[in-house]
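Trainee: Listed below are the residues making up each chain.
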Amino acid sequence: MSCIEAHGLRKAFGNTVALDSIDLRVETGRILGLIGPNGAGKTTALNAILGLASYEGDLKVLGRDPWRDRDELMRDVCFIADVAVLPRWMRVSQALDYVAGVHPRFDRAKAEAFLAKTSIQRSSLVRSLSKGMVTQLHLALIMAIDAKLLVLDEPTLGLDILYRKEFYDTLLNDYFDHSRTIVVTTHQVEEVQHILTDLMFINRGRIVLDCSMEAFEQRYAEVMVAPEQLAAARALGPLHERQVFGRSILLFDGADRKTLAELGEVRTPNIADLFVAVIGADAAPTQGAAA
Amino acid sequence: MSPSNTLLDSALPPPAPSKPTTKTRPFYWSVRRELWENRSIYIAPLAAAGVVLVGLIIGAFHLPTRWAHMVSTLDPTRQSQIVAIPYAIAATAIMATAFVVAIFYSLGALQSERRDRSILFWKSLPVSDLTTVMSKAVIPLVVLPVVSFVIMLVTLLFMLAVTAVVLPMNGAPANLLLSAFPLGKTTVELAYVLVVFTLWHAPIWGWLMLVSGWARRATFLWAFGPPVVACVFERLAFNTSYLPALLHYRLTGALTEAFNAGDASANMNHLDLAQMDPLKFMFTPGLWLGLLVAAILFAAAVWQRRYRAPI
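Chains A and B, in that order, are what the protein sequence lines are. Numbering of the first sequence is given in this note's numbering, commencing with residue 1 and proceeding in unit increments. Numbering of the second sequence is given in this note's numbering, commencing with residue 1001 and proceeding in unit increments.
Treat the hints with care, since some could be wrong.
Said to hold, decoys possible - Below are the PhoX-like pairs computed for lysine-lysine, each with C-alpha atoms no more than 20 Å apart in a straight line:
#1 A:K148 to B:K1023
#2 A:K117 to A:K131
#3 B:K1280 to A:K110
Since the hints were derived computationally from the structure, they do not count as laboratory data.
Work out the full structure, taking the sequences as your base and the hints as a guide.
Mentor: Given below as structure tokens:
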């Protein structure tokens, strides 16, 4: 069974179409990166998946209708919204008590063990914790829940590098396994590139790229081309071209690796560079080459 | 997306078998959550009782001898009436405080979680909107009346103990207060008053909770502004005052409908077991209409929370 399955998922706010009939399928055991510019529809899509907002079209998450069955769905789904949303008046011990009291799949010992590795005091108020510590606390609560789907909407926004690195390391080492699925949105694309199994670009309410990371590595190649070979390289129809230190870096979609190797050093592009190429082309179609 | 084997997959442990689920009590913990967040629910009535008690004790210990002499010369009925006044004040203060706390609690109940964005956390847990709204509704409908009841009873016991010491010092019988407020009878009276008022005021709590979930800001204004404006409009347009009468009836009607005295300004010490009339109260259409309206308003608040997002 797919973890998330959507057909013709649509959401409009007045005349603004936030999601334009997208089809979406996320299999169990995947880590999907949902990448898009501000206002692309990422959060709208996640809100629909989490049962936080209504939508048109078909959507099944773990076989359930999220809008109708949010509370039941939340037994198997966890999410961390874009910024720290833990109530500031709460004590750490109360947060543990509450989640233990309402969540059938919460393992309190696990959360306590995770907290023991941090400097968070059980008696502290959330308001007295730093932003990084609040995220650690939230992560401790989430990781102790035996959920099937974890949705992270900009989970590391506003955190320093140490906390960000620790966040994803903990997630991968102590949480993820093949029975779980993770969907993550972030602007710090470079931080998630190595953990993703699947990649999805969303722009202006539509999905503009949907592929596995394996396919991504096979499909896209980046070549640093010397000026004398630039014309030959351009003839191959690059997706995007940028200048670094006076040299041109051309990004190709599905070009033959051997041909590219003759032009210069070939490597797999960063997601961020592909993002600029694809979304940039989508935003201004005349600038893009053969996309 | 097609499955693929990445570097990551090979390093991962095999899927762990699902752990057995533990028993949960979402409603119980949601109510406790409310008490954690809103400590004024029990602190404010306690403080009211404390202030009144301390004031009375200080006053009682330097009771003017003239007054004490006067009391001791009155006939027993009159004596107990005078001694009853301080407790009536204390009980009224506790009830009034609980009422004010209930108003401000209800107005914030579904708004503060949106303002501090914590609604995203609450909604990430398997607790339904019905459970959440009901856990908030029981604060004015059950928790505050029970808290008031307990505090009023403890206050009475405390004052009985104090008067038992103070009154003989002033030449009055020690059991004077007890004769004004016999324990068993007073317990029943207090419980009756609280139950009657809570049921009668139910639509008020429903309305405040609905506004709390609906208004983005200025909940107080949205809750009380429209009724006032409507009253003024009715007066100007039709020169009638049905609406003000209706609102007044909703606020104080329990006094006239649940007691025989028919005295809307009745004080605690005027209400008597003999005057309690549960049967009359139960056959008052206003009670059932009010409860029906309350049910509709609470249902609307539940329905509405599904659509609510941070503000």
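Trainee: Determine for every hint whether it applies to the structure shown.
Mentor: These are the hints, each one checked on the structure:
no., hint, in the structure
1, A:K148 to B:K1023, "holds, 19 Å"
2, A:K117 to A:K131, "holds, 17 Å"
3, B:K1280 to A:K110, "violated, 58 Å"
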